[in-house]
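Colleague: These are the residues of each chain, in order.
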Amino acid sequence: MAHRSASTPVLDKTMFYLLQCLLIVQNARLLSHSILLKNFHKCLTIRHSQTFYKFVKMIISKCSKEEKKKDFFPPPGGVYPQGCTQVKCCPHSLYSPLDCPMFPPQPSAGPAQLSPSLAGLSLQSQTPESLRVVNLLQERNLLPPGPVTPPTPCLPQDLQKINCHPEVFRSTLTSIPQTQSLLNKAKLPLGLLLHPFKDLSQLPVVTSSTIVRCRSCRTYINPFVSFLDQRRWKCNLCYRVNDVPEEFMYNPVSRSYGEPHKRPEVQNATIEFIAPSEYMLRPPQPAVYLFVLDVSHNAVETGYLDVVCQSLLENINALPGDSRTKIGFITFDSTIHFYNLQEGLSQPQMLIVSDIDDIFLPTPDSLLVNLNECKELVQDLLKSLPQMFGKTMETQCALGPALQAAFKLLSATGGRVSIFQTQLPSLGVGALKSREDPNQRASAKDIQHLSPATDFYKKLALDCSGQQVAVDLFLLSSQYCDLASLGCISRYSAGSVYYYPSYHQQHNPAGVECFQKDLKRYLTRKIGFEAVMRIRCSKGLSIHTFHGNFFVRSTDLLSLPNVNPDAGFAVQMSIEENLVDMQSVSFQAALLYTSSKGERRIRVHTMCLPVVNSLSDIFAGADVQAITGLLASMAVDRSVTASLSDARDAMTNASIDSLTSFRTSVLTIQQPGLLAPACLRLFPLYILALLKQKAFRTGTSTRLDDRVFAMCQLKYQPLAYVMLMIHPALYRVDDLTDEGSLNVSERIVPQPRVQQLSVEKLSRDGAFLMDAGSVIYLWIGRNCNPNFLTQVLGVPDYAAVPPNMNMLPELDTAESQRTRAFVGWLREQRPFFPILHVIRDESPLKASFLQNMVEDRTESALSYYEFLLHVQQQVSK
Amino acid sequence: MAFTFAAFCYMLALLLTAALIFFAIWHIIAFDELKTDYKNPIDQCNTLNPLVLPEYLIHVFFCVMFLCAAEWLTLGLNMPLLAYHVWRYTSRPVMSGPGLYDPTTIMNADVLAYCQKEGWCKLAFYLLSFFYYLYGYVIISPVSPLRVCSNN
Numbered sequence: 001m002a003h004r005s006a007s008t009p010v011l012d013k014t015m016f017y018l019l020q021c022l023l024i025v026q027n028a029r030l031l032s033h034s035i036l037l038k039n040f041h042k043c044l045t046i047r048h049s050q051t052f053y054k055f056v057k058m059i060i061s062k063c064s065k066e067e068k069k070k071d072f073f074p075p076p077g078g079v080y081p082q083g084c085t086q087v088k089c090c091p092h093s094l095y096s097p098l099d100c101p102m103f104p105p106q107p108s109a110g111p112a113q114l115s116p117s118l119a120g121l122s123l124q125s126q127t128p129e130s131l132r133v134v135n136l137l138q139e140r141n142l143l144p145p146g147p148v149t150p151p152t153p154c155l156p157q158d159l160q161k162i163n164c165h166p167e168v169f170r171s172t173l174t175s176i177p178q179t180q181s182l183l184n185k186a187k188l189p190l191g192l193l194l195h196p197f198k199d200l201s202q203l204p205v206v207t208s209s210t211i212v213r214c215r216s217c218r219t220y221i222n223p224f225v226s227f228l229d230q231r232r233w234k235c236n237l238c239y240r241v242n243d244v245p246e247e248f249m250y251n252p253v254s255r256s257y258g259e260p261h262k263r264p265e266v267q268n269a270t271i272e273f274i275a276p277s278e279y280m281l282r283p284p285q286p287a288v289y290l291f292v293l294d295v296s297h298n299a300v301e302t303g304y305l306d307v308v309c310q311s312l313l314e315n316i317n318a319l320p321g322d323s324r325t326k327i328g329f330i331t332f333d334s335t336i337h338f339y340n341l342q343e344g345l346s347q348p349q350m351l352i353v354s355d356i357d358d359i360f361l362p363t364p365d366s367l368l369v370n371l372n373e374c375k376e377l378v379q380d381l382l383k384s385l386p387q388m389f390g391k392t393m394e395t396q397c398a399l400g401p402a403l404q405a406a407f408k409l410l411s412a413t414g415g416r417v418s419i420f421q422t423q424l425p426s427l428g429v430g431a432l433k434s435r436e437d438p439n440q441r442a443s444a445k446d447i448q449h450l451s452p453a454t455d456f457y458k459k460l461a462l463d464c465s466g467q468q469v470a471v472d473l474f475l476l477s478s479q480y481c482d483l484a485s486l487g488c489i490s491r492y493s494a495g496s497v498y499y500y501p502s503y504h505q506q507h508n509p510a511g512v513e514c515f516q517k518d519l520k521r522y523l524t525r526k527i528g529f530e531a532v533m534r535i536r537c538s539k540g541l542s543i544h545t546f547h548g549n550f551f552v553r554s555t556d557l558l559s560l561p562n563v564n565p566d567a568g569f570a571v572q573m574s575i576e577e578n579l580v581d582m583q584s585v586s587f588q589a590a591l592l593y594t595s596s597k598g599e600r601r602i603r604v605h606t607m608c609l610p611v612v613n614s615l616s617d618i619f620a621g622a623d624v625q626a627i628t629g630l631l632a633s634m635a636v637d638r639s640v641t642a643s644l645s646d647a648r649d650a651m652t653n654a655s656i657d658s659l660t661s662f663r664t665s666v667l668t669i670q671q672p673g674l675l676a677p678a679c680l681r682l683f684p685l686y687i688l689a690l691l692k693q694k695a696f697r698t699g700t701s702t703r704l705d706d707r708v709f710a711m712c713q714l715k716y717q718p719l720a721y722v723m724l725m726i727h728p729a730l731y732r733v734d735d736l737t738d739e740g741s742l743n744v745s746e747r748i749v750p751q752p753r754v755q756q757l758s759v760e761k762l763s764r765d766g767a768f769l770m771d772a773g774s775v776i777y778l779w780i781g782r783n784c785n786p787n788f789l790t791q792v793l794g795v796p797d798y799a800a801v802p803p804n805m806n807m808l809p810e811l812d813t814a815e816s817q818r819t820r821a822f823v824g825w826l827r828e829q830r831p832f833f834p835i836l837h838v839i840r841d842e843s844p845l846k847a848s849f850l851q852n853m854v855e856d857r858t859e860s861a862l863s864y865y866e867f868l869l870h871v872q873q874q875v876s877k
Numbered sequence: 001m002a003f004t005f006a007a008f009c010y011m012l013a014l015l016l017t018a019a020l021i022f023f024a025i026w027h028i029i030a031f032d033e034l035k036t037d038y039k040n041p042i043d044q045c046n047t048l049n050p051l052v053l054p055e056y057l058i059h060v061f062f063c064v065m066f067l068c069a070a071e072w073l074t075l076g077l078n079m080p081l082l083a084y085h086v087w088r089y090t091s092r093p094v095m096s097g098p099g100l101y102d103p104t105t106i107m108n109a110d111v112l113a114y115c116q117k118e119g120w121c122k123l124a125f126y127l128l129s130f131f132y133y134l135y136g137y138v139i140i141s142p143v144s145p146l147r148v149c150s151n152n
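Going down the list, the protein sequences come from chains L and Y.
1 is the number of the first residue of the first sequence in UniProt numbering; add one for each residue after it.
1 is the number of the first residue of the second sequence in UniProt numbering; add one for each residue after it.
Derived from the structure by calculation, the hints contain no laboratory data.
Hints may contain errors.
Said to hold, decoys possible - Calculated cross-link-like contacts (lysine-lysine; reagent style BS3-like; alpha-carbon spacing at most 30 Å):
no.	chain 1	residue 1	chain 2	residue 2
1	L	Lys375	L	Lys597
2	L	Lys187	Y	Lys35
3	L	Lys520	L	Lys597
4	L	Lys459	L	Lys526
5	Y	Lys117	L	Lys408
6	L	Lys459	Y	Lys35
7	L	Lys408	L	Lys520
8	Y	Lys39	L	Lys185
9	L	Lys459	Y	Lys39
10	L	Lys459	L	Lys408
11	L	Lys391	L	Lys520
12	L	Lys526	L	Lys408
13	Y	Lys35	Y	Lys117
14	L	Lys185	L	Lys459
15	L	Lys234	Y	Lys117
16	L	Lys539	Y	Lys35
17	L	Lys383	L	Lys520
18	L	Lys539	L	Lys234
19	Y	Lys117	L	Lys539
20	L	Lys408	L	Lys433
21	L	Lys694	L	Lys433
22	L	Lys877	L	Lys187
23	Y	Lys117	L	Lys459
24	Y	Lys39	L	Lys187
25	L	Lys161	Y	Lys39
26	L	Lys761	L	Lys846
27	L	Lys433	L	Lys526
28	Y	Lys117	L	Lys185
29	L	Lys694	L	Lys761
With the sequences and hints as input, model every part of the structure.
Modeller: Structure (structure tokens):
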């Protein structure tokens with residue numbers, strides 16, 4: 001700022017004058033403002049001196065700051081009613097709601113009462129909030145106080161109101177560029193992020209004998225179609241005109257006839273249909289669950305069997321299903337053990353198959369049994385299973401043959417296989433060798449062995465997928481297990497992977513708790529069987545690549561033997577034909593599945609986005625979190641196909657290229673510094689955080705399995721959880737107050753401010769909570785407020801904080817209640833159970849806590865400021 | 001003058017290249033079918049994968065023939081494709097069976113576009129070399145119509 005000080009007196013004078021002006025003409029404030037701004041722009045065209053630019057820019061920015069503080073000038077969102085008729089240019093709703101807390105939209109007598117021409121004038125001279133230029137090198141506090149909210153697509157209000165919820169369906173660019181070349185110029189990735197089977201509190205379900213779809217592209221009727229008249233509707237994806245069937249004329253909600261546009265299908269962007277028999281290739285399958293358990297010496301040693309059996313016993317009635325639900329068990333060490341649970345037996349019968357090279361089912365009919373009919377036998381088995389192998393000395397483990405057996409058992413019906421595995425498979429097909437050299441973890445320039453060692457698991461997964469069998473993998477191990485190879489079994493059969501490093505019943509109680517909670521959720525969550533998901537998009541757009549766990553059966557069809565509410569998907573899009581003459585484009589994801597009750601259902605999500613033809617509009621609609629999420633998935637692919645360093649470079653370049661494009665093509669005034677639009681101001685920070693994420697970091701010792709698991713999660717988790725993994729949220733919790741708190745089901749949840757991830761934000765007299773998605777750290781400063789220690793942690797002083805503290809004691813104090821309410825609320829927001837670690841300065845976990853401080857420099861990675869300088873250097877080249 | 005080994009090579013290459021042209025067309029059609037959703041990628045990869053090695057071997061076979069016949073120019077023209085085949089096969093995904101195409105990645109738009117482009121390029125190369133071998137055969141062969149004409 002030093003270079004500006006010389007001119008300050010002049011500046012202040014001008015500013016004073018300006019502010020005076022603005023204050024005096026309060027009634028016609030918009031008018032005066034726009035004229036002032038207009039005059040500045042005139043000045044700009046006349047005088048091109050660099051310093052003059054600075055003054056003007058500074059005046060404008062100071063003015064706007066003044067306005068904000070005083071709420072002098074209503075925010076753009078308030079000025080213009082959201083229902084603008086023009087889709088292509090309405091900067092106001094591009095206004096990012098990031099600053100909303102400061103700025104509640106308020107009705108205003110402003111331009112609405114001005115003549116249209118004046119309103120238009122101010123529209124042009126005022127840049128939308130999301131395009132406000134931010135000099136990243138100077139602005140330190142970029143993080144909004146609360147969660148980052150996605151931008152709102154710039155659509156007419158009535159359409160936007162019914163648009164799909166961003167947690168379910170989100171696009172990286174909320175304004176779609178008209179041509180591929182425009183997209184290439186913006187250097188931002190175009191893609192969708194989906195969470196299609198998310199647990200929804202409110203979901204309209206429609207039962208009707210005919211489901212209305214477009215006759216040529218098979219799109220389901222949705223809120224964004226247009227009705228030409230009462231009898232005809234025009235598809236919003238292929239623009240074909242279709243007839244409205246007779247049945248659709250009657251509205252079951254209002255019980256009126258002749259209002260097809262009031263039907264629930266046309267009022268909700270997310271809707272579920274109960275499908276008639278045309279949507280079935282075979283009768284809907286029953287819910288079938290098969291548990292495949294590792295019972296080798298190593299597995300028994302970890303003691304996980306107790307937890308699994310206990311958890312299953314507790315939740316056996318809560319397993320989703322109906323009267324047809326089937327269940328089965330297989331255990332394996334060097335041989336495969338089947339359990340005959342047929343009705344009429346007095347106790348479960350164990351059948352051992354030792355010929356693992358040519359696996360067969362000893363009694364094909366009685367291994368999978370009806371849960372309701374044989375519940376007692378199943379319970380007997382679960383009670384005796386942990387003791388059965390207590391003294392086993394068998395160390396070998398034949399996972400491959402066990403999987404083949406599981407596939408054979410389920411291939412007739414389809415269903416879900418849950419594998420619990422604790423070591424590297426060593427026998428039979430699919431045996432693996434250790435590929436990791438622990439000494440190379442930190443020093444290796446490039447990480448090897450990110451791709452599978454064998455294609456056995458992939459091929460088996462494809463076979464499973466064909467027979468509607470999904471395989472979920474629970475990996476509980478202390479040594480290297482080659483997740484890169486094993487993970488394929490879940491990846492291509494649409495299963496999920498859970499990984500508990502160094503799991504041990506005695507030595508790692510926090511891990512056990514986490515496993516228990518995850519297992520409970522896993523067993524009781526909703527499940528859809530024999531599912532397929534098709535993603536359709538408006539003509540001109542096409543799908544480039546899918547990310548997630550599935551098998552791609554054709555260009556727009558994913559085969560998902562099982563679908564669960566915690567699975568996320570990402571789709572890269574490309575623009576094949578120019579979208580000229582289109583005001584908006586639509587995307588529709590339709591998920592066809594069999595519910596656990598044996599009903600065939602279709603869940604349809606439709607999203608509509610505006611089409612724009614200028615770079616500034618594209619930038620204004622960029623969704624930085626979605627972009628980061630998509631880039632992370634792309635980087636995972638890149639590190640497997642090319643190399644990790646390649647992926648890291650690509651991510652850095654993504655931020656450099658987009659900021660360069662913004663600087664050269666959107667900014668009319670060149671300023672020094674690293675300039676970013678407000679909506680992308682967190683982009684370099686997120687990229688840096690990604691580079692320091694477990695999946696992509698180098699130089700720090702990272703176990704290969706941890707890295708591969710982090711990669712799996714980046715691709716498979718829905719965006720909300722991925723963002724916490726990438727950029728954890730840090731809160732100061734020793735001074736929680738009820739100010740601004742939420743009221744969730746009669747509990748008061750305090751909402752502390754999100755802090756930057758830098759050690760400089762930590763203070764020794766505070767306590768800080770870091771929420772990193774799957775783990776929560778509570779860091780206690782050495783001179784922490786004694787009040788917090790006694791009232792929340794229940795310890796007299798700092799030294800008395802126990803070294804392995806994993807829960808907050810239930811104390812009857814206001815502080816304790818607040819803190820517990822806050823932690824509980826954080827945990828409720830995600831389907832998995834994050835462990836809480838209370839850490840002090842001496843704790844061994846302090847290192848992993850500090851590794852999440854992404855803005856700080858480490859031995860091998862740049863600090864945030866250094867990274868910005870690097871980006872700036874590249875941008876101004 | 002006897003029917004030379006080189007002429008025999010050219011004649012053989014001519015026939016084999018005709019076969020390779022069919023291979024290339026087959027590939028192009030197969031990838032087009034994938035792109036237009038007619039076929040399941042697993043089935044398609046299962047039909048394409050067994051064809052990859054035979055194609056490469058045929059090409060290697062007549063390259064070796066040309067080497068024996070000391071047809072250095074022809075060999076030189078074929079070397080780039082030979083090198084490409086070696087590179088392509090060594091950088092294939094982890095697979096237990098023979099072949100190149102992985103059903104899990106084949107639907108990726110980049111991979112599919114690459115395979116299609118590869119198919120078209122190969123088709124063009126084989127077509128050009130087909131005419132080149134025809135020309136070479138005609139020039140070298142003792143019983144070629146040209147020689148017959150000139151002898152008369």
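Colleague: State for each hint whether it applies.
Modeller: For each hint, the structure was consulted:
1. Lys375(L) - Lys597(L): holds, 18 Å
2. Lys187(L) - Lys35(Y): holds, 26 Å
3. Lys520(L) - Lys597(L): holds, 20 Å
4. Lys459(L) - Lys526(L): Within the cut-off at roughly 27 Å; holds.
5. Lys117(Y) - Lys408(L): Judged against 30 Å, a Cα distance of about 40 Å means the pair is violated.
6. Lys459(L) - Lys35(Y): holds, 22 Å
7. Lys408(L) - Lys520(L): holds, 27 Å
8. Lys39(Y) - Lys185(L): violated, 35 Å
9. Lys459(L) - Lys39(Y): holds, 18 Å
10. Lys459(L) - Lys408(L): holds, 14 Å
11. Lys391(L) - Lys520(L): holds, 28 Å
12. Lys526(L) - Lys408(L): OK: Lys526(L) and Lys408(L) at ~25 Å, within 30 Å.
13. Lys35(Y) - Lys117(Y): Holds, at roughly 13 Å.
14. Lys185(L) - Lys459(L): violated, 40 Å
15. Lys234(L) - Lys117(Y): violated, 37 Å
16. Lys539(L) - Lys35(Y): At roughly 16 Å apart (the allowed maximum being 30 Å), Lys35(Y) and Lys539(L) satisfy the hint.
17. Lys383(L) - Lys520(L): holds, 17 Å
18. Lys539(L) - Lys234(L): holds, 14 Å
19. Lys117(Y) - Lys539(L): holds, 24 Å
20. Lys408(L) - Lys433(L): Since the Cα atoms of Lys408(L) and Lys433(L) sit roughly 26 Å apart, the hinted pair holds (cutoff 30 Å).
21. Lys694(L) - Lys433(L): Holds, because 23 Å separates the two Cα atoms, which is no more than 30 Å.
22. Lys877(L) - Lys187(L): holds, 17 Å
23. Lys117(Y) - Lys459(L): Cα-Cα ~27 Å, so holds.
24. Lys39(Y) - Lys187(L): violated, 34 Å
25. Lys161(L) - Lys39(Y): Violated, because 40 Å separates the two Cα atoms, which is more than 30 Å.
26. Lys761(L) - Lys846(L): holds, 16 Å
27. Lys433(L) - Lys526(L): Violated, at roughly 36 Å.
28. Lys117(Y) - Lys185(L): Holds, because 25 Å separates the two Cα atoms, which is no more than 30 Å.
29. Lys694(L) - Lys761(L): Roughly 23 Å separates the two Cα atoms, so the pair holds.
Checked against the numbered hints above, the structure violates hints 5, 8, 14, 15, 24, 25 and 27; every other hint is satisfied.
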